[in-house]
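Sequence lines, in order, name chains A and B. So in numbering that gives the first Met the number 0 the end of the first sequence lands on 138, straight run, no missing numbers. So in numbering that gives the first Met the number 0 the end of the second sequence lands on 111, straight run, no missing numbers.
For the record, the hints were derived by calculation from the structure and aren't laboratory data. Any given hint could be a false lead.
[As the list claims (entries may be wrong)] Restricting the straight-line Cα-Cα distance to at most 20 angstroms, the calculated cross-link-like pairs of lysine to any residue (SDA-like) are:
#, chain 1, residue 1, chain 2, residue 2
1, B, K41, B, A18
2, B, K41, B, G29
3, B, K41, B, P70
4, B, K41, A, V33
5, B, K41, B, I24
6, B, K41, A, G39
7, B, K41, B, D28
8, B, K41, A, E56
9, B, K41, A, L34
10, B, K41, A, W20
11, B, K41, B, P30
12, B, K41, A, A18
13, B, K41, B, R62
14, B, K41, A, P41
15, B, K41, A, V36
16, B, K41, B, P77
17, B, K41, A, R19
18, B, K41, B, A71
19, B, K41, B, D10
20, B, K41, B, D17
[Stated by the list, open to error] Quick partial rundown of chain A residues pointing at chain B, CB under 7 angstroms, derived from the structure:
#, residue
21, C15
22, E27
23, V33
24, S48
The beta carbon of each residue, even a glycine, is placed where N, CA and C say it ideally should be.
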Amino acid sequence: MHDPRMARLIEIVLRCYPARWQRRHGDEAGELAVLLVRDGTPAGSIALSYLAGAAREWLTPHPGWRLTTVACALLIAVCSLGVSAGLLGSAGTARAASTSQEHGHAHCRPGSPGSVPDVIRAVSRPPLIIREARHDRSC
Amino acid sequence: MSRRDGSAGQDVLRRVGDASVLILISLADGPKHGYVLIQDIKELVGVELGPGTLYGALDRLERLGLIEPLPAEDRRHPYRITAPGAAALRVHLDSLEQVSAAGRLRLQLGGI
């Protein structure tokens, strides 16, 4: 692949698939992407197709999955949302507190090392990748 | 839309999506792996399947027992159509023909 950024993007997107899928198709999928780019398919379009495929793969229940597995996955997703909401809430509270006090504590300020907004920025990275990929033609 | 002779039951391909049908059609004349499938379908009908769509459809068809993987060649995994897959494809193409014939007849009757 000519553009290393695009190669990296496709590599990241392929990692979005479940481990079982990566073991089975991962190597071939990477090689297929290289061949398609060589043939003139835009790398962004390939990445977007793989991203949609990864989402479908996670959302499609498979015969081998037991009900408890699905329930655990849902529970983890709900907990993650809860933690994110909690972090957002506490960030808002901390910001309000730091603005209401004349001598606010440095560690409560947004952007300080290890503070809550850094965590939120890291969590919001995948949508940024999606937006970048949308610049290219979809498949 | 059910099969006319009824021996193979319903048209199982009715709900699997166009990509799966195109893959089965491409595999009907021999085993192929992902890249060749994409190229063949592009030549056949002018549709370029996205790689994510391709792997999703391959997994679905394999789960349904309509295709099966062959031993890997390097990193490439060829697939071949199974006997139930060929039967399902015939049923589906028959039903498409019925729809096509009915549509043409209606157009003729309507004088359009």
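We went through each hint and held it up to the structure:
{"no.": "1", "hint": "B:K41 - B:A18", "in the structure": "12 angstroms, holds"}
{"no.": "2", "hint": "B:K41 - B:G29", "in the structure": "17 angstroms, holds"}
{"no.": "3", "hint": "B:K41 - B:P70", "in the structure": "25 angstroms, violated"}
{"no.": "4", "hint": "B:K41 - A:V33", "in the structure": "18 angstroms, holds"}
{"no.": "5", "hint": "B:K41 - B:I24", "in the structure": "12 angstroms, holds"}
{"no.": "6", "hint": "B:K41 - A:G39", "in the structure": "14 angstroms, holds"}
{"no.": "7", "hint": "B:K41 - B:D28", "in the structure": "16 angstroms, holds"}
{"no.": "8", "hint": "B:K41 - A:E56", "in the structure": "24 angstroms, violated"}
{"no.": "9", "hint": "B:K41 - A:L34", "in the structure": "15 angstroms, holds"}
{"no.": "10", "hint": "B:K41 - A:W20", "in the structure": "25 angstroms, violated"}
{"no.": "11", "hint": "B:K41 - B:P30", "in the structure": "17 angstroms, holds"}
{"no.": "12", "hint": "B:K41 - A:A18", "in the structure": "30 angstroms, violated"}
{"no.": "13", "hint": "B:K41 - B:R62", "in the structure": "25 angstroms, violated"}
{"no.": "14", "hint": "B:K41 - A:P41", "in the structure": "16 angstroms, holds"}
{"no.": "15", "hint": "B:K41 - A:V36", "in the structure": "15 angstroms, holds"}
{"no.": "16", "hint": "B:K41 - B:P77", "in the structure": "18 angstroms, holds"}
{"no.": "17", "hint": "B:K41 - A:R19", "in the structure": "29 angstroms, violated"}
{"no.": "18", "hint": "B:K41 - B:A71", "in the structure": "23 angstroms, violated"}
{"no.": "19", "hint": "B:K41 - B:D10", "in the structure": "25 angstroms, violated"}
{"no.": "20", "hint": "B:K41 - B:D17", "in the structure": "13 angstroms, holds"}
{"no.": "21", "hint": "C15", "in the structure": "10 angstroms, violated"}
{"no.": "22", "hint": "E27", "in the structure": "5 angstroms, holds"}
{"no.": "23", "hint": "V33", "in the structure": "10 angstroms, violated"}
{"no.": "24", "hint": "S48", "in the structure": "3 angstroms, holds"}
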